[in-house]
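*Asks:* So you can see what is in the structure, the chains are spelled out below.
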Amino acid sequence: MPHSQKRGSVMRRDLIIRLRLLDDAMPSAFRSYVRQIYRGLRQKLLRPRWGNLCRSGPFRDSSEPGYGTPIDHLYFAEFIDTNLDAIRGRVLEVGNRLWVDRAAAGQVTSVDVLDIDPNNLQATILGEPSDLLVLDQSSYDCVIMTRPVGYPSDPAVILETLWSALKPGGAILLSSPVIGPTNLENPDGWRFTTLGLQMLVERAIPAAQVSVCDFGSLATAIASIAGIPAEWVRKPALSWRDRRFPVVACARINRPAIGP
Amino acid sequence: MRLLSPTTILAYHRVAAPGTDPYSLCVTPEHFASHLEALSRCASFTTLDDIDKRSPWRKRVIVTFDDGYADHLHSALPTAELFGVPLTTFITSGPLGGTFWWDRLTTLMSGRDEPEVDFSLDIGPAPLKVHLRGPERWQRGERAIHERLRLLTPTQIDNTLDSLQAILGEPRITNETRPLTVDELVKLSEHPLITIGAHTVDHQLLAGRPASSQLESISKSKSDLEKLTRRSVQHFAYPYGGRDDFDEASVQAVETAGFTTACTAIDGHAVGFCNRFRLPRRIVKDWGPHEFAEQLHRWGLV
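Which chain is which? The protein sequence lines are H and D, in order. Taking the numbering used here, the leading residue of the first sequence gets 1, the next gets one more, and so forth. Taking the numbering used here, the leading residue of the second sequence gets 1, the next gets one more, and so forth.
Please keep in mind that the hints were generated in silico from the structure rather than gathered at the bench. Treat the hints with caution; some may be incorrect.
[Said to hold, decoys possible] Restricting the straight-line Cα-Cα distance to at most 16 Å, the calculated cross-link-like pairs of lysine to aspartate or glutamate (EDC-like) are: (1) D:LYS129 <-> H:ASP136; (2) D:LYS129 <-> H:ASP61; (3) D:LYS187 <-> D:GLU81; (4) D:LYS129 <-> H:GLU202.
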């Protein structure tokens, strides 16, 4: 738990003890009067204040230029940074070249970008990630895919394709948004919770060594849905973590150096 | 600087009904006639020469054509004559009598029915591997190659298309589309409803090119067209015309070359303090009468 949250909970406990002592010291008639006022105040103060959050559309459309940093990008970056050791040698990024350049200079020897979108000028391979023949077998040391749900194909088939393109000893860094608005022009087919992502990987690639994690909090979950960029969220709220409200689920899938 | 009266500048490319139109450049002759008929009911037509003149009573529309296809003379002009609509056609001076590179690409990649598109092609800095299946495989492949070719120089484009032809073999369809020939251009320019504008020599993307190279291509297209048509060429349209397709050096070059206006493909209508060298236009697609009426409503013309 972060320090600020810990301090807040200690202060709340302290306040409750003091109020109980005060409550015991009061005459009974006065006590019921005070309790009535307290209940009224509590009802008013603890009610959610919607402000401008109660709205029919998002604050900003994340596909517009100048949106800022989407919340999930912040979490993807954190996931990638904790797994930089996996990004080495020949690397494949699916979608866009977003994360491979975070690796230390000299660690990566070549980069391919796979996408189905013909307008994507970063793509060096134009094809479906679910097409087993699109990638050379056992040829990449690392595969990064931060948006598997953006493709309408079966995610298990996509994973099998990426796995077959991975060299023994290599790793797939995979992440998936858990919540967020749907882009109507380019609708996504799949979303996974942390457990769902783990089950997907274990079923699609039984030989894989998989470790999953998630990132998010209630505040950032609201921000993701409401189209609020990270720059508009208070900094302490960006560091909160509450596993009940995952915004993105991530998985590192290692291919054993020896084996299938 | 004089304020511009609100003017809607429409951008067409072709009036034709070909078998394939991967870049949505064509408007059928029937639809073009219905567009002009609808426009003549709600607005008055003007030209870029008169963009400064005041017109307080009616909404003003300028009809422009890009690239310099032969159907500007054979299809667009006869329809425009019927309605008395002046046209401004922006001519790419280099390919006159030849072929546009994107039409050569379409000819190479159309009419193919192999279930799998699978080849590697050296385009620009990195080779592109194409491996596609599914219903739109050839169209997707063509779009990907087009997006990369437009960043290259004419020589690089020709070399890449030669390589593509070596991989795919001879074209399966014949090229029905062609730019104007020099004779056709002269004939077109002599018509009283036609104003000739420039569109560079080679339709190469301007953004990011050295300022001197941009100025050379822009000035040469003006001088070439003036020499061929024996008329002053005062108006220019940026190739591709999108926000990222030209830069400040392009605008400077257009001013230096002596043009009085320049059109973009940025959506909007020209009004007030709008920069004469960044005039927005409305790109027109092959809309039927109902769809076009909706667009007119959206553009505030009805």
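*Asks:* Are the hints correct? Go through all of them and say.
*Replies:* Here's how the hints hold up against the structure:
1. About 11 Å separates the Cα atoms of LYS129 of chain D and ASP136 of chain H, which keeps this hinted pair within 16 Å; it holds.
2. Taking the CA atoms of LYS129 of chain D and ASP61 of chain H, the gap is about 33 Å. The hint is violated against a cut of 16 Å.
3. Distance restraint check for LYS187 of chain D and GLU81 of chain D: the Cα-Cα separation of roughly 15 Å lies within the 16 Å cut-off, and the hinted pair is therefore satisfied.
4. The suggested pairing of LYS129 of chain D with GLU202 of chain H is violated, with an alpha-carbon distance near 31 Å, which exceeds 16 Å.
Checked against the numbered hints above, the structure breaks hints 2 and 4 and satisfies the rest.
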